[in-house]
Each structure stands twice: as structure tokens, then as C-alpha cells.
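K.L.:
Residues per chain, in single letters:
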Amino acid sequence: MSADPFIRLDSVRKVFRVGGAEFVAVQDVTLDVREGELVSIVGPSGCGKSTVLSILAELYTADGGTVRIGNDAAPFTPGRDIGMVFQKALLLKWRTIIDNVLLPAEILGLPMRESRERAGHLLEMVGITKFADAYPQQLSGGMQQRASIARALVHDPRLILMDEPFGALDALTRERMNLELLRIWKESRKTILFVTHGIQEAVFLGSQVAVMTPSPARMAAHFDIELPEPRTLDVKTTDSFGEYTRQIYHLLGMD
Amino acid sequence: MKSLRAYGYAVAAHIGFVAIWQMAVMVSDIPAYILPSPWATLMEIGESSYNWSTHFWVTTVEIFGGYALAVIVGVALAVLFVWIPAVNAALMPLLVTLNMVPKVAMAPLFIIWFSYGIVPNMIIAFAICFFPIVLTTYRGLIEVEPDLINLVRAIKANRWQIFVKIQLPGSLPYLFSGMKVAAVLAVAGAIVGEFIASDRGLGYFLLVQQNALNTSAMMMALVLITFIGVALYGLVLLLEYVFVTRKGIET
Chain A
1 MSADPFIRLD SVRKVFRVGG AEFVAVQDVT LDVREGELVS IVGPSGCGKS TVLSILAELY
61 TADGGTVRIG NDAAPFTPGR DIGMVFQKAL LLKWRTIIDN VLLPAEILGL PMRESRERAG
121 HLLEMVGITK FADAYPQQLS GGMQQRASIA RALVHDPRLI LMDEPFGALD ALTRERMNLE
181 LLRIWKESRK TILFVTHGIQ EAVFLGSQVA VMTPSPARMA AHFDIELPEP RTLDVKTTDS
241 FGEYTRQIYH LLGMD
Chain B
256 MKSLRAYGYA VAAHIGFVAI WQMAVMVSDI PAYILPSPWA TLMEIGESSY NWSTHFWVTT
316 VEIFGGYALA VIVGVALAVL FVWIPAVNAA LMPLLVTLNM VPKVAMAPLF IIWFSYGIVP
376 NMIIAFAICF FPIVLTTYRG LIEVEPDLIN LVRAIKANRW QIFVKIQLPG SLPYLFSGMK
436 VAAVLAVAGA IVGEFIASDR GLGYFLLVQQ NALNTSAMMM ALVLITFIGV ALYGLVLLLE
496 YVFVTRKGIE T
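Here the protein sequences come in this chain order: A and B. The opening position of the first sequence corresponds to residue 1 in my numbering, with each subsequent residue numbered one higher. The opening position of the second sequence corresponds to residue 256 in my numbering, with each subsequent residue numbered one higher.
Hint data in this document are derived by calculation from the structure and do not stem from the laboratory. Don't take each hint at face value.
[Stated by the list, open to error] Derived lysine to any residue pairs resembling SDA-like cross-links, with alpha carbons at most 20 Å apart:
id	chain 1	residue 1	chain 2	residue 2
1	B	Lys411	A	Asp32
2	B	Lys420	B	Phe498
3	A	Lys93	B	Trp276
4	B	Lys420	A	Asp99
5	A	Lys93	A	Gly142
6	A	Lys186	A	Asp234
7	A	Lys236	A	Ala220
8	A	Lys93	B	Thr309
9	B	Lys411	A	His222
10	B	Lys435	B	Pro424
11	A	Lys93	B	Asp402
12	B	Lys411	A	Leu59
13	B	Lys420	A	Pro111
14	A	Lys88	B	Phe498
15	B	Lys420	A	Asp133
16	A	Lys93	B	Lys420
17	A	Lys88	B	Val399
18	A	Lys93	B	Leu423
19	A	Lys88	B	Ser258
20	A	Lys93	B	Gln416
[Claimed, not checked] Covered stretches of chain B (in silico footprint by chain A; criterion: 3 or more residues with CB under 8 Å from a CB of chain A, positions within the stretch not fixed):
id	segment
21	326-334
22	416-425
[What the hints assert, rightly or not] To give a feel for the contact side, a few chain A residues facing chain B, derived at Cβ under 10 Å:
id	residue
23	Val15
24	Val18
25	Gln87
26	Asp163
27	Leu227
Computed from a prediction, not measured in an experiment: that's the story for all the values here. The beta-carbon is built from N, C-alpha and C at its ideal position, and this holds for glycine as well.
Generate the whole structure from the sequences, applying the supplied hints.
P.N.:
The following block contains the structure:
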């Protein structure tokens, strides 16, 4: 790990107060992410994965620990350098695909002509150029999710946060989207935090995998993943892939 | 749009209804002062002493005026409720209570307060039909995916941007469902107002002709009231088509 990571989370803790009671949403979150790295965060429901993303997006503030994003080489502007993708594509039904992709550019007040051009390139990159003027409900779930990835990239943010983006897709589409994501990641050279409860998906995509466990919700371990590059589906049949997934299953008490 | 065949069925059903009415009059010996034939009803429109156009336009203005007022006030209130939660917490329960007061029963009071004529009848139509608009629009405005709000808040979207780009267009299908319910109520409201106190309008005309046992003229008045209602409903459907259906937005 380099001395000056793009993201440094150190012993981050978040507490929610409901009525008079307090409960710990997540604790012991310690993670360093290099610029341009794709890091998976894996764990079962209720382990605080989404809370970590919300803290990075400044939707919540941490109640303890250190959160730092950006370094001298890659300065980070909060509110400008975040793109998000969720399990649901969350496209606006009354906007065409290209206009959906442009939403962040409109909100940030970016010049529209350049943004429109950029949105066109992004649709090409995610492979849905022919649907630019279609409405979201005319697209399959996988195609909608490609549009939402393009939307997360349109304002050229430095950090992409993905919260189980392929969780609602069928198994085959999901595998295809995993390959697509690796390609998009390499082309766009973005830093991506990828939250999933799929252990195989986490290992396949991430250059490191942070494992989170519930009750108490905490970051329990993390693995640097070294697999043959470029990663193709063949990687999943290698011994080391099997070893990583076995260790994570073990950590989650599922062996 | 629906297929041509579906329209064919709809037209056939309407024609069939009138045909059964005509047959019933012909085969039975129901006297004409109980049930006049469709033809006899239609012929009443030619009776110039009835002043059809005055009554027709008075009622039309009452219905459309009360309805337009209800849409404007209803949407404005819904927006206020969404923007200021304290107002919502205080006024929404009050509104629910007031809605329980039968507006029809309040009509005699309205007459005392506002005298009689077009304006009080418009207010009665307004009072009876604005609540469904408030309720459905409010619901449409708050029914937004929380993650979608998170997505735009992460890039520091302000409240106005969220409102204009996400909440308001998202609420349109709800608004139109409320407007369709309200269209039916507005017609009833205006007619009730005319029943209670008025000197013009199709409701007033109905009561006058009832005293004369002029059933066919009463039926013609009903046909015209229905026509106004259908015109209003059709206008709402047209607007819904332009702003919602054409863009493929459904709830």
C-alpha cells in the first residue's frame, strides 16, 4: 500500500440513535484505497456495507475514526467527485436514456453541449448507444443498469460508489455485467468501491476485498487479491480464486 | 393508444344503451311522463323557451371554475405540505376532519355566506372535489425512491433541483388519478349548489321542470349535465395523455 492512498478510512464508526437507544451501524472500518483501484466490500445484509458508502458520499458523517478522500496527486472535491450506482437503476421514467445520463451534469450546472457529447461517448462505452432516445421502461434490467453506470460517470467524478449494482439481475446477465464493469473500469480509470453480497463476484472484480460481518457490524478482514490478468471467466476456475473464496466463506462462518 | 376495436366496442355499448331505452319505451306501456323515449328527450333541445344555452353555460362555468380552483389550490397545498413538514403535521389532520363534513350539507351555509349564484356554486364544486387532489398529489410528491434522493444529494443537489427534476414530474401520474376522481365530484357539487339555491343552471332547470312533470325536458337536462362531465373528463384524459401516457410514465 502506498504511503498516500486516495481513500483512507481508519477505525471509522457510525452510530444511529433511534428514540433513546443507540445502535452501532458499523465500526472498525479501516481501509486504504489507491487511486484507480477497484475494491470490493463483501458481507451479508445488515453488516454496514451501505453505511460505509453513505459515509464516503457524505450522506452520513462518521461518529468516530478518520475519513479522508483525495491526495495531492488526485484532489477530491466533495459533491463533485462522486458517482453512485444502486441495485435499482433508478432512472427517471419521463426522461430518455440520454437525458437520464445527463441528470448529474444538470444538477452540477456543467456546460450542456460538452456534457451531451460526453454522455454520447459513455453510452457507447456501456454499449447502449442505440437506446439513447428510448425511455427506461423499454430497456431490460441489464440495459437500464448500464445506463445508470453511464449516469454515474457523466460528470467525470474521481470516485464511483456501487451498492450491489447487479444484485437484481439474473445470474447470466450478472456475469456479463461483471466482465463489462472490468472493461469500463479499465477504460475510465476510475476508483471504484463495489459493495456486494456475492463472494465470487467480490473476488472476481476486486484488487482487494474487504470482508464485513454483522452483529456487531464491522470490517473483519481484508484480502489483496492476486489473480491472472486480464481477468476473464477462466480466472474463476483457478486454484487461487477458489482459495480466496474459501477463506471468505470461512470468515463469514459459512463453511 | 387503444386499438380501434376497443373504441368500436365502447361506441357499440353506448348505442346499445340508447337502443334498449328506446325498446323499453316501445314494448312497455310506461307513460311518457314517467319515461320519455330518447327521441322525445332529444327533441326538447329545440324548445327555445327553455333557454338551454344560458343554463348550459352557467353550469359549465360553475363546474369548470370550481374544478380549476380545486386543481390550483389542491396542488399548491400539496406542495406546501411537502416543503414544510410542520404545516403538514398541523394541517393534514385538520383537512381530513374537514373532509368528513359532508359538503352537500354545508351548501345551505355557503348560500348564507356567499349569497346565491354562480360563485357560491363554484365554491361548493371546489369544496367537494379539492381534497382528492391534495391527497393524491401529496402522495405522488413524497413517493420517491430514497436511493434516488441519495444519488443526487451525493452531488449536492439542492431542494429546488430535487423538487423540479424529480418530485414534481414524478407526481404527475398521481395528480391525474386525483383529477379524474375530482372531475366526477365537481359535477355533483355544482348541481347540488343549484338545487339548493339558484335562478339559473341545469340543476335549477331540473327542479323547475319537475314541478311541471316535464320528464323529457328533465332527461335532456341530465344529458347536457353528463355532456359537460364527459367533456371535463375527456380534457383531463387528454392532458394525461400529453404529459404522462405519451412518455410511458405509469405508476
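K.L.:
Does Lys93(A) pair with Thr309(B) here, judged by a C-alpha cut-off of 20 Å?
P.N.:
Between Lys93(A) and Thr309(B) the Cα gap is close to 45 Å, so the pair fails against 20 Å, i.e. violated.
K.L.:
Take a quick look at whether Lys93(A) and Gln416(B) sit within 20 Å of each other, Cα to Cα.
P.N.:
Since the Cα atoms of Lys93(A) and Gln416(B) sit roughly 17 Å apart, the hinted pair holds (cutoff 20 Å).
K.L.:
Per the CB criterion, is Leu227(A) less than 10 Å away from chain B?
P.N.:
31 Å, violated
K.L.:
Are Lys420(B) and Asp99(A) close enough, with their CA atoms no more than 20 Å apart?
P.N.:
11 Å, holds
K.L.:
Quickly compare the C-alpha distance for Lys88(A) and Phe498(B) to 20 Å and report which way the hint goes.
P.N.:
25 Å, violated
K.L.:
Going straight from one Cα to the other, do Lys186(A) and Asp234(A) come out at no more than 20 Å?
P.N.:
With a Cα-Cα distance of about 19 Å, the restraint between Lys186(A) and Asp234(A) holds, given a limit of 20 Å.
K.L.:
Quick one, are Lys93(A) and Gly142(A) close enough, alpha carbons at most 20 Å?
P.N.:
Measuring from Cα to Cα gives roughly 16 Å; hence the hint holds.
K.L.:
Under the criterion that the straight-line Cα-Cα distance not exceed 20 Å, is the pair Lys88(A), Val399(B) satisfied?
P.N.:
13 Å, holds
K.L.:
Can we keep the Asp163(A) interface hint, with Cβ of chain B closer than 10 Å?
P.N.:
Check passed: Cβ of Asp163(A) comes within 8 Å of chain B, closer than 10 Å.
K.L.:
Going straight from one Cα to the other, do Lys93(A) and Trp276(B) come out at no more than 20 Å?
P.N.:
46 Å, violated
K.L.:
Does Leu59(A) sit within 20 Å of Lys411(B), going by the straight-line distance between their CA atoms?
P.N.:
Distance ~10 Å between Lys411(B) and Leu59(A) Cα, so the pair holds.
K.L.:
Could you grab the alpha-carbon distance between Lys411(B) and Asp32(A) and see if it respects the 20 Å cut-off?
P.N.:
Distance ~25 Å between Lys411(B) and Asp32(A) Cα, so the pair is violated.
When the structure is compared with the earlier hints, violations turn up for hints 1, 3, 7, 8, 9, 14, 19, 21, 23, 24 and 27 and for no others.
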